[in-house]
Amino acid sequence: MKAGKLWRRIVLAVMALYVLVPLVGVAEFALRMRRGVYSFDAFVEVFGDDRFQETFLYSCGMALVTVVIGVVLIVPAAYAVRLHAPRLRSFVEFVTLLPLVVPAIVIVFGYLRLYGSDSFLPLTDTDTGADALLAFGYVTLSLPYIYRSVDAGLTSMDVRTLTEAAESLGARPLTVMLRVVLPNIRTSVLSGAFLTAAIVLGEFTFASLLDRPAFGPYMQLLGANRAYEPAALSLVAFALTWGLMALIGAFGGRRPGS
Amino acid sequence: MRLPRAFVQTVFGVGPFALFAVLFLVLPTSNLLVGAFQDGEGNFTFANLAGLMTPSVVTAFRVSITISLASAVLGAAAGLAVALALRGDAVPRPIRQAVLTLCGVTSNFAGVPLAFAFLATVGRAGLLTALLVRYFGINIYDGGFNLLSVVGLTFTYLYFQMPLMVLVIMPAVEGLKRDWSEAAAMLGASPAQFTLRIVAPILAPNVVGATLLLFANAFGAVATAYALTGSSINLVTILLFAQIRGDVLHDPGLGFALALGMVVVTGVCNILYLRLRAFSDRRLR
Amino acid sequence: MSFLTLQGLRKSFGASVAVQDFSLEAERGEFISLLGPSGCGKTTVLRMIAGFEAPSAGRVVIDGEDVTHLPSRARRIGMVFQSYALFPNLTVEGNIAFGLKVAGMAKDAIAERVKEMLALIGLPQLAGRFPSELSGGQQQRVALARAVAIRPRILLLDEPLSALDAKIRVSLREDLRAIQRELGITAIFVTHDQEEALALSHRVVVMSEGWVEQVGTPAEVYRTPRTPFVATFVGTANVLPCRIVDAVSGRVALGSVEIDAAHALPERKVGDTVVLALRPEAISILPFDGATNSIAAVVRDVTFLGPVARLRLVIDGDVAVTVDLHGEAARALPDAGARVVLWFRPESLQFLDRREHNLEAG
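Protein chains in written order, with this note's numbering: chain A, 9 to 266; chain B, 239 to 523; chain C, -3 to 358.
Bound conformation, chain A alone (with noise of 0.2 Å):
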């Protein structure tokens, strides 16, 4: 008993320092900017720049229409092949796992490639062009958790009988489909869109490649050419990441009418 308790607090212990001595590490050496003392200048400099104000919401806006655009595509899917086809169910759960298999670079890749200036589809030409590839791109990239989440929320509330039953009083299938079945997993497309805001807010392969002003280019520019900001950008970043997560750990616990 005793000895059961004390390896679990060895692994424990070691865990949390591994975890949070970078953290320390890189607190430490965003406040020593000014020299011999602590100070904030560095996030001061970071939150004053207008690249940084641009970039972080460029990224905002990128990853809400991510969310947008993904459960728009995969709530409609998911519920059809529930509902209607379950034998394309293993098919659309494959196509959604994907992007795990595929790497990033690879994907983005291809698209240079498949809709690059000489292309029969020259998206890059653009700005707005760029940007929407930018943003199905991470629509591919966040497939798998978005479906994920969906597809709890889904296994989670007996889609069929509510589907009868709102059918049963007169529902038309648009209705039931933003009347009933969103409502009903809307903490779980939440946790996906907090998942997916995630990876999308800080992602650098792609918005490298495709040239877009967004924020991971720019604290990897900024990390190449400052000594102190870099340092105060990870900080912010790791609050940005630790805030999406309790987001999601507030609205998962949390079931409808409960």
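Take these hints with a grain of salt, some might be off.
Covered, in the sense of this in silico footprint (three residues per stretch, anywhere, with C-beta under 8 Å from a C-beta of chain A), are these stretches of chain B [unchecked claim]:
#, region
1, 245 to 259
2, 267 to 278
3, 468 to 480
Keep in mind the hints are simulated off the structure, nothing from the lab. Cβ coordinates follow ideal geometry from the N, Cα and C atoms, glycine included.
Fit chains B and C to the known structure of chain A by using the hints.
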């Protein structure tokens, strides 16, 4: 003629999703894979694949696989230990919740900010490096450590691999029933015998599967390595990144071959992972 | 000298007490059920015998050996779980052999014993299957074989039938009984199902809220319940609070109706309240009035249940009574609202104690 409503709903539901998947996932990827077997004029060739045999590319694959494998195995071992430590109700609920949240955060804390954190901690001017010199007289850089090396990168990757392992393996660990350990005790088995004969065989497929997932995760990573080392470390992803950027454009076909090679490596990993998961799901149903 | 002695076992979790002063003596080969609703402490008693819970007070003695502080794995006890708890990575054969292997038994001896056990549970053809390929009933048979394969001194059964379908539950119950009698093994069986307890046991221990309510043979517990809890938990009973009219001849008043209880009550005074239990099947409906203990009643409702018809009636305005009619008596049933006369033998009435604890079991 009226089509059955179920058919119409399926088409409207799955159609857009399928179209999207084809346009932005299947076509771009297959385009590259086909490209890997074409020369500049579109004729069939193995020349691109032969390019994979040049020493620098071979090295890149070797280094990538080494780092991915090391960070996957170490991450899996550490993550499994944490998951086992959290198992059951031996750890107070708030601590358990805090650890799991921390895992959720750190498994997503990869890329550029992670690179900064490690630079600030164990870089040449890092806090831990300095503290070790000041209080213990140990300079890890004199001892051969270098953050911008295979070892350094492995430990950096470990920062998101270990928590990812905790999250992936936790359901399997929680699936170990208390009744099993009690039944084993009643049958006269010591905790060590129970661990060796029951726990290890039950978890093995999940652990191996999760390790493969971690491997694929590290193998495809770009941002952390790029932010940490620029182009100075020879990884497949960094090589491909440079190739796409046009930094090294002496062989356009090589990019396709690199992409093909990467998909083959991660594809094999994931097929094995799915196989193992299906196996353990069936047995533990 | 009894084979298993539980002496003053007590278990508290923080401020709440799960088991209060539990004592029991079991003979070799005896089958004893711990019966009670969930939360009554029966499982905690079993887990203290198994060594999974350390008693807050008291001792567990098996065959003269005090095992109270022995770890579970050294107690040589077999246990069957509600969830079967078969090891999913081992075949049927591997599961049964597990305890023998860790004990370091020779290979051929193990094979021999496994074969013997498979024959005992009647599943010799399933040796190579994995637990996930078996039905619930088959899994529980294998779990039983695994538990008795190590020749344990005592067999503990923790609601082993509760997860099974009704039909299988009854057939496995009979097999369980046959196997226990055949092996002559001392068994402690935990259940919340009174039918199981009555059908399987030599003796039943009825528990409620951590206390022992009554210990006795199935017939004793059913026919002469000692407390209102036992009367209503084991079978159905009308529990009737009465006032004593004549302590010597045993006449009591139920509301305004006087009845003959046929028991002398020397230690009670006139006017004291006593509680009587009366089984629904001990009451008849008469076409006429006049005999002793005949009481006028009004039928509230009638439920036809096949072999039995269950009537709910009211006597003297507000005392509710349940009556079960069988066979011929159930052919012509009164309608709701009908006025009828109830009759029962005085000796069918059971005087119940107010709850008394610290019963000496054994």
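Going down the list of hints, with the structure as the test:
With a cut-off of 8 Å between beta carbons, the region 245 to 259 of chain B has 11 residues touching chain A; three or more are needed, and the interface restraint holds. Taking a C-beta to C-beta cut-off of 8 Å, the region 267 to 278 of chain B contributes 4 residues in contact with chain A, enough for the three needed, and the coverage statement holds. Taking a C-beta to C-beta cut-off of 8 Å, the region 468 to 480 of chain B contributes 4 residues in contact with chain A, enough for the three needed, and the coverage statement holds.
Going through the hint list in order, the structure satisfies each hint without exception.
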